[in-house]
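Novice: Using the hints provided, position chain B relative to the given structure of chain A.
The chain contents come next:
Protein chains: 2
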Amino acid sequence: MTEVATARRSRITPEREAELYAAVLDLLREVGYDALTMDAVAARTKSSKATLYRQWGGKAELVAKAVRHNKPGGSLGSFDTGSLRGDLHALTMASDDCEMEQNSALMRGLAMAIHGNPDLLKAFKEYLIEPEMAEFRKVLQRAVDRGEVRADNPAIDYVMHMMIGGFAARTMIDEQPPTQAFLLSYIDAVVLPALGV
Amino acid sequence: MTEVATARRSRITPEREAELYAAVLDLLREVGYDALTMDAVAARTKSSKATLYRQWGGKAELVAKAVRHNKPGGSLGSFDTGSLRGDLHALTMASDDCEMEQNSALMRGLAMAIHGNPDLLKAFKEYLIEPEMAEFRKVLQRAVDRGEVRADNPAIDYVMHMMIGGFAARTMIDEQPPTQAFLLSYIDAVVLPALGV
Numbered sequence: 180m181t182e183v184a185t186a187r188r189s190r191i192t193p194e195r196e197a198e199l200y201a202a203v204l205d206l207l208r209e210v211g212y213d214a215l216t217m218d219a220v221a222a223r224t225k226s227s228k229a230t231l232y233r234q235w236g237g238k239a240e241l242v243a244k245a246v247r248h249n250k251p252g253g254s255l256g257s258f259d260t261g262s263l264r265g266d267l268h269a270l271t272m273a274s275d276d277c278e279m280e281q282n283s284a285l286m287r288g289l290a291m292a293i294h295g296n297p298d299l300l301k302a303f304k305e306y307l308i309e310p311e312m313a314e315f316r317k318v319l320q321r322a323v324d325r326g327e328v329r330a331d332n333p334a335i336d337y338v339m340h341m342m343i344g345g346f347a348a349r350t351m352i353d354e355q356p357p358t359q360a361f362l363l364s365y366i367d368a369v370v371l372p373a374l375g376v
Numbered sequence: 180m181t182e183v184a185t186a187r188r189s190r191i192t193p194e195r196e197a198e199l200y201a202a203v204l205d206l207l208r209e210v211g212y213d214a215l216t217m218d219a220v221a222a223r224t225k226s227s228k229a230t231l232y233r234q235w236g237g238k239a240e241l242v243a244k245a246v247r248h249n250k251p252g253g254s255l256g257s258f259d260t261g262s263l264r265g266d267l268h269a270l271t272m273a274s275d276d277c278e279m280e281q282n283s284a285l286m287r288g289l290a291m292a293i294h295g296n297p298d299l300l301k302a303f304k305e306y307l308i309e310p311e312m313a314e315f316r317k318v319l320q321r322a323v324d325r326g327e328v329r330a331d332n333p334a335i336d337y338v339m340h341m342m343i344g345g346f347a348a349r350t351m352i353d354e355q356p357p358t359q360a361f362l363l364s365y366i367d368a369v370v371l372p373a374l375g376v
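Residue numbers (the working numbering), protein chains in the order written: chain A, 180 to 376; chain B, 180 to 376.
A pair holds if it fits inside one copy or across any two, identical chains being indistinguishable in the list.
Okay, derived cross-link-like pairs now, EDC-like style, lysine to aspartate or glutamate, Cα gap no bigger than 16 Å in a straight line:
| no. | residue 1 | residue 2 |
| --- | --- | --- |
| 1 | LYS301 | ASP353 |
| 2 | LYS250 | GLU196 |
| 3 | LYS317 | ASP259 |
| 4 | LYS304 | GLU354 |
| 5 | LYS304 | ASP353 |
| 6 | LYS301 | GLU354 |
| 7 | LYS301 | GLU240 |
Simulated from the structure, these hints should not be mistaken for lab results.
Okay, chain A solo, but in the shape it has when bound (with noise of 0.2 Å):
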């Protein structure tokens, strides 16, 4: 059964997922999470209910892999540079500004919608967060072993915290996306200073 499953599942492209993963954006920005319907996703997609079902399990899944793919400039782990300044900044600039303000969008969205879908928050949990943390840990430990960062600094914990509170304050407070600027000023201000930087 199992076999089958993975046979099946390998019979999808990498640019059929891929077209999927854009379709589900576009309609998730349409009518947003509550709203969008697998039903809609396979008329859009021209796919058929029975393979979404089968290939990723339910609503929850398919929109987090989704945001998951289209995470601009691939994975944190990916930017080596050599400190963690360069990497925290290559980052950022992996992603226009008109990019940041369609995802800033988009995961406000996702965000509200997570309160009263359980199932949503735990596929972020495994999609998206978890894999974040991953390589937030994977760059820290490298500014750790080149000595940039001590290995007991307690901000290590709470660097996710740090970034989560330049998103979304600047969202209320300053009642606009984050810009490359205001994140690079950001980083440079609060994350690197917090972990001795």
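Specialist: Chain B only, in chain A's frame:
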């Protein structure tokens, strides 16, 4: 006209005002912002809708002022312990974990409602965020005057971002409301080092 309004306004005693705000928060917890009506507030508090509108202008203003009034421990500016760490810790200790959990749930609901209600965002900025930022500026100014924080430290502009990050990300990543222990540790690991303390 203004004098009449002021005269009318002064007829509500502080006790009655506190009672009214408490009723508004109870209703908010029960039904959420969108379903909250001035009719329900009037019925619950045995006041006339005309009085509510005359006194508060509208639902958004009433809710923002009720939340502000409910903020535990009074204003941050009133803590003057002689050190920045002392002030921030005193602020944290002013609400116990149970109060913090209740407030966290309430604020999460309101943060969601804000996106669909521009008038709520406006009232929130005016009656909650701006006074809060003014308090933080006062506390930080004292720290600058004592020589604890350099006047040109760029993290001064991001104190609210850091604090909001602690609250919001704690809920999202750790899936639990912020506790005193968490916030004290976050202040020591992130906020104070970023400020160079």
